[in-house]
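Visitor: Below are the chains, spelled out letter by letter.
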Amino acid sequence: MYRFVEHTAELEVELEASSAEGVLEDALHAFAELAVSGEGELVERRVELTAPDVPALLAAWLDELLFLADAEGLLPESAEISVDGTTVSGVLRARPGEPRPLVKAVTLHRLRFRSENGVWRGRVVLDV
Amino acid sequence: MSELQRIDETTWEIPASARMDMRVPARIFADEEILEEIAGDLSLDQLQNVATLPGVVGAAIAMPDIHQGYGFPVGGVAATELPDGVVSPGGVGYDINCGVRLLALPLTERDLGDRREALVHEISRAVPAGAGKHGGIRLRGTELDDVLRDGPRALPGVRAEDVERTESEGRLEGADPEAVSERAHLRGRDQLGTMGSGNHFVELQQVEEVLDPDTARVFGLEPGQLTVLIHSGSRGLGHQVCTDYVKLMDSRLASYRIHLPDRQLACAPASSAEGKAYLSAMAAAANFAWANRQAIADAVRRAIRSVLGDDTAARTTQVYDVAHNVAKVELHGGTSVCVHRKGATRAFPAGSPEIPAAYRGVGQPVFIPGSMGTASFVLVGEPGSMERSFGTTCHGAGRRMSRTAARKRVHGSELRRELEARGIVVRCPSPKGLAEEAPFAYKDVDRVVRVVEQAGLARRVARLVPLGVVKG
Numbered sequence: 016m017y018r019f020v021e022h023t024a025e026l027e028v029e030l031e032a033s034s035a036e037g038v039l040e041d042a043l044h045a046f047a048e049l050a051v052s053g054e055g056e057l058v059e060r061r062v063e064l065t066a067p068d069v070p071a072l073l074a075a076w077l078d079e080l081l082f083l084a085d086a087e088g089l090l091p092e093s094a095e096i097s098v099d100g101t102t103v104s105g106v107l108r109a110r111p112g113e114p115r116p117l118v119k120a121v122t123l124h125r126l127r128f129r130s131e132n133g134v135w136r137g138r139v140v141l142d143v
Numbered sequence: 026m027s028e029l030q031r032i033d034e035t036t037w038e039i040p041a042s043a044r045m046d047m048r049v050p051a052r053i054f055a056d057e058e059i060l061e062e063i064a065g066d067l068s069l070d071q072l073q074n075v076a077t078l079p080g081v082v083g084a085a086i087a088m089p090d091i092h093q094g095y096g097f098p099v100g101g102v103a104a105t106e107l108p109d110g111v112v113s114p115g116g117v118g119y120d121i122n123c124g125v126r127l128l129a130l131p132l133t134e135r136d137l138g139d140r141r142e143a144l145v146h147e148i149s150r151a152v153p154a155g156a157g158k159h160g161g162i163r164l165r166g167t168e169l170d171d172v173l174r175d176g177p178r179a180l181p182g183v184r185a186e187d188v189e190r191t192e193s194e195g196r197l198e199g200a201d202p203e204a205v206s207e208r209a210h211l212r213g214r215d216q217l218g219t220m221g222s223g224n225h226f227v228e229l230q231q232v233e234e235v236l237d238p239d240t241a242r243v244f245g246l247e248p249g250q251l252t253v254l255i256h257s258g259s260r261g262l263g264h265q266v267c268t269d270y271v272k273l274m275d276s277r278l279a280s281y282r283i284h285l286p287d288r289q290l291a292c293a294p295a296s297s298a299e300g301k302a303y304l305s306a307m308a309a310a311a312n313f314a315w316a317n318r319q320a321i322a323d324a325v326r327r328a329i330r331s332v333l334g335d336d337t338a339a340r341t342t343q344v345y346d347v348a349h350n351v352a353k354v355e356l357h358g359g360t361s362v363c364v365h366r367k368g369a370t371r372a373f374p375a376g377s378p379e380i381p382a383a384y385r386g387v388g389q390p391v392f393i394p395g396s397m398g399t400a401s402f403v404l405v406g407e408p409g410s411m412e413r414s415f416g417t418t419c420h421g422a423g424r425r426m427s428r429t430a431a432r433k434r435v436h437g438s439e440l441r442r443e444l445e446a447r448g449i450v451v452r453c454p455s456p457k458g459l460a461e462e463a464p465f466a467y468k469d470v471d472r473v474v475r476v477v478e479q480a481g482l483a484r485r486v487a488r489l490v491p492l493g494v495v496k497g
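Protein chains in written order, with this note's numbering: chain A, 16 to 143; chain B, 26 to 497.
FYI, nobody ran anything at the bench for these hints, they're computed from the structure.
There may be inaccurate statements among the hints.
[Claimed, not checked] Restricting the straight-line Cα-Cα distance to at most 20 Å, the calculated cross-link-like pairs of lysine to any residue (SDA-like) are: (1) 272(B) with 83(A); (2) 272(B) with 62(A); (3) 457(B) with 442(B).
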């Protein structure tokens with residue numbers, strides 16, 4: 016699950032799932048809500064991202080979604096991914112479309128991504 | 026905040042002793058009402074975080090339009106001593122060289138008559154807004170790198186006087202396309218000449234009031250005159266440059282033994298390989314942003330030509346173009362410093378060699394857009410800015426309410442009706458986006474500019490009011 020939290024100028028997203036993969040998938044859905052849906056044919060992309068630490072993996076994942084939307088007009092719809100330490104790999108499904116260019120960037124401010132008592136929680140501030 | 030000390034009518038300070046990790050005080054320009062609003066979010070905590078940066082000198086400074094951001098607050102200024110003080114990409118922000126450009130038309134609102142809606146409509150057709158990817162100038166081969174190196178000069182048919190009347194003449198030295206990643210190139214290749222979203226806009230205005238007639242005359246402004254204010258930045262290219270270098274510097278913090286209270290403040294000594302590469306990439310993105318506003322200005326002139334004729338378009342002049350998200354190497358008090366301005370505008374006073382010759386006798390023009398539907402201001406830099414704020418003043422009204430809260434309070438269509446009832450023509454692709462930029466979501470711009478005037482940073486020259494707005 017994800018929710019948007021009040022911030023004077025930017026947009027903070029809080030995420031919670033039973034697995035690291037679940038948090039990243041929720042992050043995808045939060046991003047998709049902001050960027051609107053694509054309309055073209057479904058496209059599959061293989062992804063493999065490595066970050067210097069676990070929280071940075073959440074930022075790197077969203078950076079990847081943002082890049083695909085902004086540079087290629089691909090709007091994410093779903094993903095089949097696995098997380099191994101600080102690497103995420105798998106398949107991303109997206110549709111071509113006209114993204115709402117609201118999200119400019121993914122910041123490291125207040126970034127969080129960790130397991131607490133068996134629940135994975137994430138938090139990220141987006142520059143909008 | 027108990028540590029806050031009043032220095033004078035419009036200056037407050039949190040001493041460096043307030044926190045163990047602060048190297049300099051945090052200085053805030055505000056009146057009591059604005060200070061109360063500022064204290065409502067995390068702006069002052071973020072300002073104190075900025076005061077911890079290695080090499081920071083003087084004070085971490087907040088303008089009256091300050092609001093909570095990420096890492097640096099928006100409306101913040103920090104100077105670090107060179108060569109070894111740090112440069113922080115987050116201290117510039119993702120929208121590198123977001124800024125404003127003012128055009129002056131040779132007509133008054135009365136001359137425009139019933140062509141107001143046609144002109145705003147034509148501007149909205151000429152300037153791609155909202156959807157990020159399409160409608161911009163498609164750059165081929167090495168053309169993008171030419172823009173990154175040379176800014177507006179790389180565009181065909183650019184008027185020499187436009188370039189002269191642009192901060193740093195639209196070209197920061199040291200720009201290196203090689204320091205700009207392939208991803209940033211890909212994001213920028215077809216976004217030149219597009220406005221983007223959020224608070225970006227093109228606004229048709231009239232000069233409602235001239236407060237300093239002598240300076241206004243030098244800037245080519247008179248009562249009733251039509252103006253067009255353009256607000257945009259470096260688009261996806263700049264966002265990617267910042268993303269790349271925040272990540273790079275974040276990964277090298279330990280090697281420079283830098284400890285930060287906020288990861289988003291990631292930085293490196295300006296003299297380091299990472300610092301130099303960032304400054305080269307940032308300069309390239311800044312040049313791209315100036316070229317972007319130039320391309321938008323050219324599109325506005327085409328719209329003017331289409332509605333008002335060739336002669337009016339030819340006599341539409343550029344007053345100036347200022348950056349409000351940038352880091353620049355400048356000399357202050359005999360020391361070479363890297364001045365980070367994030368949501369803050371350079372405001373050099375009369376006599377500065379950095380100012381176009383035509384304005385050197387009066388000072389640098391500064392443009393302060395208000396919130397949508399309210400007034401904007403033309404200011405001029407004052408000597409106090411050099412003494413108190415590293416040659417800097419505010420950049421806008423400053424948000425005081427989240428986008429969600431604004432959307433809860435008004436619907437975009439309702440706001441559009443309100444603005445139209447006041448005779449303001451509105452073109453916006455997204456009602457949601459319109460609501461997010463509602464005037465009540467911002468501080469009172471009249472109050473903000475009064476503070477910077479009272480503080481001696483800049484003085485008011487003219488007040489502009491909107492006739493039409495094209496939103497991103």
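Visitor: Please go over all the hints and tell whether each is borne out by the structure.
Guide: Against the structure, the hints come out as follows:
1. 272(B) with 83(A): holds (18 Å)
2. 272(B) with 62(A): Cα-Cα ~19 Å, so holds.
3. 457(B) with 442(B): Holds, at roughly 14 Å.
Violated hints: none; the structure is consistent with every hint.
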